[in-house]
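In order, the protein sequences belong to chains A and B. The C-terminal position of the first sequence is numbered 203 in our numbering, with every residue numbered one higher than the one before it. The C-terminal position of the second sequence is numbered 417 in our numbering, with every residue numbered one higher than the one before it.
These are computed hints drawn from the structure, not numbers from a lab. On a predicted model such as this, the values are computed, not experimentally measured, just so you know. Just so it is clear, CB atoms sit at the ideal spot from N, CA and C, and this is done for glycine as well.
A few chain B residues facing chain A, derived, Cβ under 7 Å:
#, residue
1, SER214
2, SER225
3, ASP227
4, CYS245
5, GLY246
6, ALA346
7, MET360
8, THR367
9, ASN374
10, LEU388
11, PRO406
12, TRP410
SDA-like, lysine to any residue: derived pairs with alpha carbons at most 25 Å apart:
#, chain 1, residue 1, chain 2, residue 2
13, A, LYS14, B, ALA232
14, B, LYS253, A, ALA140
15, A, LYS14, B, LEU216
16, A, LYS160, B, ASP380
17, B, LYS253, A, HIS7
18, A, LYS195, A, ARG123
19, B, LYS347, A, ALA184
20, A, LYS160, B, MET294
21, B, LYS287, A, THR74
22, A, LYS120, A, VAL54
23, A, LYS160, B, LEU285
24, A, LYS195, A, SER134
25, B, LYS253, B, GLU353
26, B, LYS347, A, SER23
27, B, LYS413, B, ARG402
28, A, LYS24, B, ILE213
29, B, LYS253, A, SER2
30, B, LYS413, A, GLY31
31, A, LYS14, B, SER251
32, B, LYS253, A, LEU135
33, A, LYS120, A, SER134
34, B, LYS413, A, ARG15
35, B, LYS347, B, SER256
36, A, LYS160, B, VAL283
37, A, LYS195, A, PRO21
38, B, LYS347, A, GLY28
39, B, LYS287, B, ILE298
40, B, LYS287, A, ALA162
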Amino acid sequence: MSLIACHECDLLQKRTDEIPPHSKAVCGRCGAVLYRHIPDSIDRTIALAIAGLVLFICANVFPFLAFEVSGQATQSTLISGAASLYLQGMWALAFLVFVTCIGAPLMQILLMLYIFMPLKFGRLPAHIPLAFRSLREIQAWNMIEVFMLGILVSLVKLTKMATIIPGLALWSFVGLIVVLTAAATAVDAELVWQKLDCNNGKR
Amino acid sequence: MASAKQASRISALNAGMIGCHSCDLVVNAKDDFHHHLQCPRCGANLHSRKLNSVARTWALIIAALVFYVPANVLPITTVVSLGKEQSDTIMSGVIYFMQSGSWAIALVIFVASVFVPLMKILILVFLLVSVQRNIQWRPREQAKLYRLTEIVGKWSMVDVYVVTILVALVNLGVIADIDAGPAALYFAAVVVLTMLAARTFDPRLIWDSKEEVE
Ligand SMILES: [Zn+2]
Ligand SMILES: [Zn+2]
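Produce the complete structure using the sequences and hints provided.
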């Protein structure tokens, strides 16, 4: 039986392997989640990542809102939104919007596929520790759900000025948020590290 | 929820071990605690506690506080409509929504843009003082406060996105045009800095001084 140190309070605890499916083990002292047991974690993650990729493409190809006033119309996609900030000289802000709404979700999807596709066929991709650490780090900077709230606020703000037509990308956003949230909780980290252990010939 | 069975009431640090932050492997570090250790399983650099966590978190919070002022005082958008120019700050935006009856939206913007960043900064200051002064008040509640700062952080970005969307859509020359103001940048800086501060703070420090009390 192996030990685990809580990453939020450092308490040493025994890892109990027989927790029921879809449940999580929490730290006995501070209440942080120690680990989860997710059945079919690999299949689940791959399926959600592929769905996420399709939705991501739709979310970026189609405009999310169109704005029409006295015959003149403009529409915006994610990229053109970031680009118009860049054109106003706000390159730092454009970069931030690009990273949090386009770069981070895309990297999250690609890293999931990179890590879990080979695992599905019993192989271990190269640089898996780095890939896994990057995945965790990048998830924190994915803010599409906040962008979605931003769209709703803008809708209210603009309906008084002009006709607003919600675009196809809007529905893709909703799907992408649901799928990526589910994908993030489908990842069973311990599975990855155990495979790494087997490959290293330890244990 | 299943609570993990406890092996002890002792932290990894006091047991002479380090839990790998990347793969959760517990490594015995008794022999060379002060040397440069690497995780034997995943190769990550092992640190018992985040390096200089308190000093770094203070620096990030102070920087965030400095930017918080221009973020609220300077205009976040400038609306040009039929030759007239009007600048809006975050608060004047909130007041506009209140006056036009959109209470829900006014509340969303006020909470996300004004209340959350300030609350996050205050919580982190409290946690830092608590760690530095060994305040013994309910460590479990302190841990909850810390988790709260991690969860709510990104929602403050909502106003930056609203500006992005307005700038992208309302671009009709003389009829109507919206430009992003300098506050948008300062505000984004506040959000990023407080997010970094929350990630730099090491919540294990909350418990270190409480070990003997247990
Ligand atoms: Zn804990
Ligand atoms: Zn490791």
